[in-house]
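So the sequences go chain by chain: A and B.
Residue 3 is where the first sequence starts when you use our numbering, and the numbers rise one by one after that.
Residue 3 is where the second sequence starts when you use our numbering, and the numbers rise one by one after that.
Calculated from the structure, these hints are not laboratory results.
Treat the hints with care, since some could be wrong.
The list treats identical chains as interchangeable, and a pair is accepted whether it falls inside one copy or across any two copies.
Unchecked claim - In the DSSO-like style, the derived pairs of lysine-lysine whose C-alpha atoms are separated by at most 27 Å in a straight line are:
| hint | residue 1 | residue 2 |
| --- | --- | --- |
| 1 | Lys434 | Lys462 |
| 2 | Lys113 | Lys209 |
| 3 | Lys241 | Lys419 |
| 4 | Lys419 | Lys479 |
| 5 | Lys241 | Lys479 |
| 6 | Lys11 | Lys432 |
| 7 | Lys363 | Lys13 |
| 8 | Lys363 | Lys434 |
| 9 | Lys8 | Lys91 |
| 10 | Lys244 | Lys274 |
| 11 | Lys244 | Lys442 |
| 12 | Lys113 | Lys442 |
| 13 | Lys91 | Lys295 |
| 14 | Lys113 | Lys91 |
| 15 | Lys363 | Lys11 |
| 16 | Lys279 | Lys434 |
| 17 | Lys13 | Lys442 |
| 18 | Lys442 | Lys363 |
| 19 | Lys8 | Lys363 |
| 20 | Lys419 | Lys209 |
| 21 | Lys432 | Lys363 |
| 22 | Lys274 | Lys462 |
| 23 | Lys384 | Lys295 |
| 24 | Lys91 | Lys279 |
| 25 | Lys209 | Lys244 |
Protein chains: 2
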Amino acid sequence: MSEKKKIYKPKPISGFPEWLPETRRAEQQWFDHIRRVFESYGFCSIETPSVEALDAINAKGGDGGADTDKEMYVLNRLLSELSYEIIHKDETVPEHYSLIPIRDHKFPEHKLYETGNEPRLALHFDQTVPLARYTAQHFNELVFPFKRYQMQRVWRGERPQAGRFREFYQCDIDVINVDTLPLHFDAEMPAIIWEILSSLPGMEDEKIQIQISNRKILIGLLEGLGIENITEVTRWIDKLDKMDKNAVASELIGIGLSDDNIDTILSLALIKASTSKELIAGISTTNQNDTMKEGIEELSFVLDQLQHLPDNAVVADLSIVRGLDYYTGTVYETRFLDDPSYGSICSGGRYDDLAGNYINKHLPGVGISIGFSRLFDRIRIKNQLPVSGVSPADILVILPNEESRNLMMATAQTLRKRGYNVETFHGASKIKRQLAYAQKKGIPYVWFPPFEDGQSHEVKNMETGAQENASPEEWTK
Amino acid sequence: MSEKKKIYKPKPISGFPEWLPETRRAEQQWFDHIRRVFESYGFCSIETPSVEALDAINAKGGDGGADTDKEMYVLNRLLSELSYEIIHKDETVPEHYSLIPIRDHKFPEHKLYETGNEPRLALHFDQTVPLARYTAQHFNELVFPFKRYQMQRVWRGERPQAGRFREFYQCDIDVINVDTLPLHFDAEMPAIIWEILSSLPGMEDEKIQIQISNRKILIGLLEGLGIENITEVTRWIDKLDKMDKNAVASELIGIGLSDDNIDTILSLALIKASTSKELIAGISTTNQNDTMKEGIEELSFVLDQLQHLPDNAVVADLSIVRGLDYYTGTVYETRFLDDPSYGSICSGGRYDDLAGNYINKHLPGVGISIGFSRLFDRIRIKNQLPVSGVSPADILVILPNEESRNLMMATAQTLRKRGYNVETFHGASKIKRQLAYAQKKGIPYVWFPPFEDGQSHEVKNMETGAQENASPEEWTK
Numbered sequence: 003m004s005e006k007k008k009i010y011k012p013k014p015i016s017g018f019p020e021w022l023p024e025t026r027r028a029e030q031q032w033f034d035h036i037r038r039v040f041e042s043y044g045f046c047s048i049e050t051p052s053v054e055a056l057d058a059i060n061a062k063g064g065d066g067g068a069d070t071d072k073e074m075y076v077l078n079r080l081l082s083e084l085s086y087e088i089i090h091k092d093e094t095v096p097e098h099y100s101l102i103p104i105r106d107h108k109f110p111e112h113k114l115y116e117t118g119n120e121p122r123l124a125l126h127f128d129q130t131v132p133l134a135r136y137t138a139q140h141f142n143e144l145v146f147p148f149k150r151y152q153m154q155r156v157w158r159g160e161r162p163q164a165g166r167f168r169e170f171y172q173c174d175i176d177v178i179n180v181d182t183l184p185l186h187f188d189a190e191m192p193a194i195i196w197e198i199l200s201s202l203p204g205m206e207d208e209k210i211q212i213q214i215s216n217r218k219i220l221i222g223l224l225e226g227l228g229i230e231n232i233t234e235v236t237r238w239i240d241k242l243d244k245m246d247k248n249a250v251a252s253e254l255i256g257i258g259l260s261d262d263n264i265d266t267i268l269s270l271a272l273i274k275a276s277t278s279k280e281l282i283a284g285i286s287t288t289n290q291n292d293t294m295k296e297g298i299e300e301l302s303f304v305l306d307q308l309q310h311l312p313d314n315a316v317v318a319d320l321s322i323v324r325g326l327d328y329y330t331g332t333v334y335e336t337r338f339l340d341d342p343s344y345g346s347i348c349s350g351g352r353y354d355d356l357a358g359n360y361i362n363k364h365l366p367g368v369g370i371s372i373g374f375s376r377l378f379d380r381i382r383i384k385n386q387l388p389v390s391g392v393s394p395a396d397i398l399v400i401l402p403n404e405e406s407r408n409l410m411m412a413t414a415q416t417l418r419k420r421g422y423n424v425e426t427f428h429g430a431s432k433i434k435r436q437l438a439y440a441q442k443k444g445i446p447y448v449w450f451p452p453f454e455d456g457q458s459h460e461v462k463n464m465e466t467g468a469q470e471n472a473s474p475e476e477w478t479k
Numbered sequence: 003m004s005e006k007k008k009i010y011k012p013k014p015i016s017g018f019p020e021w022l023p024e025t026r027r028a029e030q031q032w033f034d035h036i037r038r039v040f041e042s043y044g045f046c047s048i049e050t051p052s053v054e055a056l057d058a059i060n061a062k063g064g065d066g067g068a069d070t071d072k073e074m075y076v077l078n079r080l081l082s083e084l085s086y087e088i089i090h091k092d093e094t095v096p097e098h099y100s101l102i103p104i105r106d107h108k109f110p111e112h113k114l115y116e117t118g119n120e121p122r123l124a125l126h127f128d129q130t131v132p133l134a135r136y137t138a139q140h141f142n143e144l145v146f147p148f149k150r151y152q153m154q155r156v157w158r159g160e161r162p163q164a165g166r167f168r169e170f171y172q173c174d175i176d177v178i179n180v181d182t183l184p185l186h187f188d189a190e191m192p193a194i195i196w197e198i199l200s201s202l203p204g205m206e207d208e209k210i211q212i213q214i215s216n217r218k219i220l221i222g223l224l225e226g227l228g229i230e231n232i233t234e235v236t237r238w239i240d241k242l243d244k245m246d247k248n249a250v251a252s253e254l255i256g257i258g259l260s261d262d263n264i265d266t267i268l269s270l271a272l273i274k275a276s277t278s279k280e281l282i283a284g285i286s287t288t289n290q291n292d293t294m295k296e297g298i299e300e301l302s303f304v305l306d307q308l309q310h311l312p313d314n315a316v317v318a319d320l321s322i323v324r325g326l327d328y329y330t331g332t333v334y335e336t337r338f339l340d341d342p343s344y345g346s347i348c349s350g351g352r353y354d355d356l357a358g359n360y361i362n363k364h365l366p367g368v369g370i371s372i373g374f375s376r377l378f379d380r381i382r383i384k385n386q387l388p389v390s391g392v393s394p395a396d397i398l399v400i401l402p403n404e405e406s407r408n409l410m411m412a413t414a415q416t417l418r419k420r421g422y423n424v425e426t427f428h429g430a431s432k433i434k435r436q437l438a439y440a441q442k443k444g445i446p447y448v449w450f451p452p453f454e455d456g457q458s459h460e461v462k463n464m465e466t467g468a469q470e471n472a473s474p475e476e477w478t479k
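Just chain A, same shape as in the assembly (with noise of 0.2 Å):
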């Protein structure tokens, strides 16, 4: 070039994920896989905005636990006019400004204001929101039950940090409907995610369980033992997975728990059953309120609805409780039994009221969210992946001399008619520089038009060398 230019030279943004294209193969490979199960199931796909308006998000309250509202991004116009003003301590603030934190070690008195009268926007921060805003807004549309797939990217604006995404992938799935929700819905769930998780490309040697249980169980017990700080206490048994068992029991005696109630809630706490057959005969207690019992029966119906699945594959684990307040009966979480400590990949859960905050109606739900990006992360870090080639194409139709041109395009477009993906190269170089960019885009086959009248057509497979006759609208891999 012969003017110098300044050189900004482009770094990576953390939390930020971008692939080579080899890697994106692969991850695409990982969408179509999820959807084609999602789909098989009759869930429908929905898309919603990347953003919501703040007062929606603020409106549907702290679901997504207690700090989210800091972790959003929200959205400014780059150099819009006045977007901001001070306003002095004196003065009355217009409608629809919104105060913005601000350091004025002068005038501290003074507040800063966002101006405008258009509604506040921010990137949401999980699938959740969006689906009850949706299913509010859309309500008289839509079908009941309705079931639905979501696989986009969320936001969390939180402070950069090693081995966390920013920005990233969930695929979720929910069933809504009016009024009462089958529990037939609570034993798809985990049948759908385990089809997906055990043939995921590269997840086929992972060991992975889906760990259920229902919350009514471990809550009835408590409300039946007449134990106040509910809360708290299964704050402490959501923690069993990691913590030893008489540490647990330790804080529970430090928070005014009985030594007779900490023993009863432990041993109800570390069953796990595989029927619900051994569900009922492991729970020794006896005096079950109809939470508890109701629980119970909830669990064993999902059990029993999973039979089909192989040994293992899905446990009842009544330490399972979710931290979330949201859920209000069967919960999921999955996780590698190699490595428990690396938490859940796959979690969800029934709640009671999906979108009160938004219609006067009453929807109940179930729903399950892959962690996309960080179990894809995990994988290709293991090296797990598939190969594949750096190209999606086939076949490379190779341009023997530029008299062939034509042959060359007409050659490519019968293979493409028939379904290959198929590249065409460029010019008349050397058949052996043709040949080094099918290797180097990890092209499998390589087909060589006539290069005279009469010739035939044929084709080299890559990996193997061999080369044979072959005809454009006949020839199959």
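Chain A is already provided as a structure; the job is to place chain B on it using the hints.
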């Protein structure tokens, strides 16, 4: 619900489209179709983060038009403490602070800054800046010619306006090479675009035309005539699709061109040709400089490569110049022949220098971009999208009675293994209700497992009403 809640009624956000499930299915068909054709020509997929560092965008400069920087969305972490700081007129601005426009009528000399030492992030407003940044950043790991497609959302932070999207999809292909890029790829672009647009579901009856030119022809002519304000002249030529020829002529007089020159320019710009022969015959300029000759040769080559397409699919139209100085050779636009004023639905061209601001390499490229969301919405509004059910299921397996639950599940699983999408009904309701569900979800077949031992499975075609015996292992649609 026992507790009265305050209800926030969600509203659509202007410029952020969202579809019902049945429309989303058509959108998926469009994406699948476009991806299939892109891959059938050997283009690989990449996906870049939704954001770029603002510094990277600014380094790339105004390829996207002069005002693009005003239309960006920048991200801010909500409630991140001390994100903003007022710097008073006697104070020094710390490093990494960005000036934010603010209104403060009491102290107009005080400036507001965004604090922090992280790069400021903005949602990408096209896929060209991300491609340039990606190619530079991963240069050593890519195989050239680098043929990539990209189908992502882009964002423009415009003020809300009817019919204008602020979040929308673009589907781009580009081929990038080092130092030189064969014309082969200039000819490949219109062939791919024709294949896509002529067979998108719902577009079959639209009369579209790809119009191509080569900027070197007009630029060469203008240089040869000794005209200096070339950018201004091409801007008027670009309007020949909307303005009368005489109106353009008087504008050209207005900027100081002679009548002779205007005649010469307009008679060139008004040339339309389907073949290279027609093109060459149409150009009466005898005194062609090297640039002009090169342009004619290149355009002729491209036209020659496209003779396999239907008549009128592609024409050379020498008035096409594209507004942007970014393009240096072949340029493309695509129009509805019965609605030319709608503007181009798919545009692009060849550029000499993709990423000179990011890397000290000469990277020429050629690319084209389908304005997906705008086109999809047009076909949607015209009611031309393929009609499909809400559910992707082919079959609903009904539940004759609670005892048949395992049979229903096993039947569904057999059909799924054979490639069908299958819903199972969630409860042993009246058959009429189960059929009504299939009807409402648009599921074309209803499967009846045997109600009693010894009976056969049956399947009902919901469109014709025909019902017949069938086996889950053998039935085909």
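Violated constraints from the hint list, given by number and in increasing order: Structure breaks hints 2, 3, 5, 6, 9, 11, 12, 13, 16, 22, 23 and 24.
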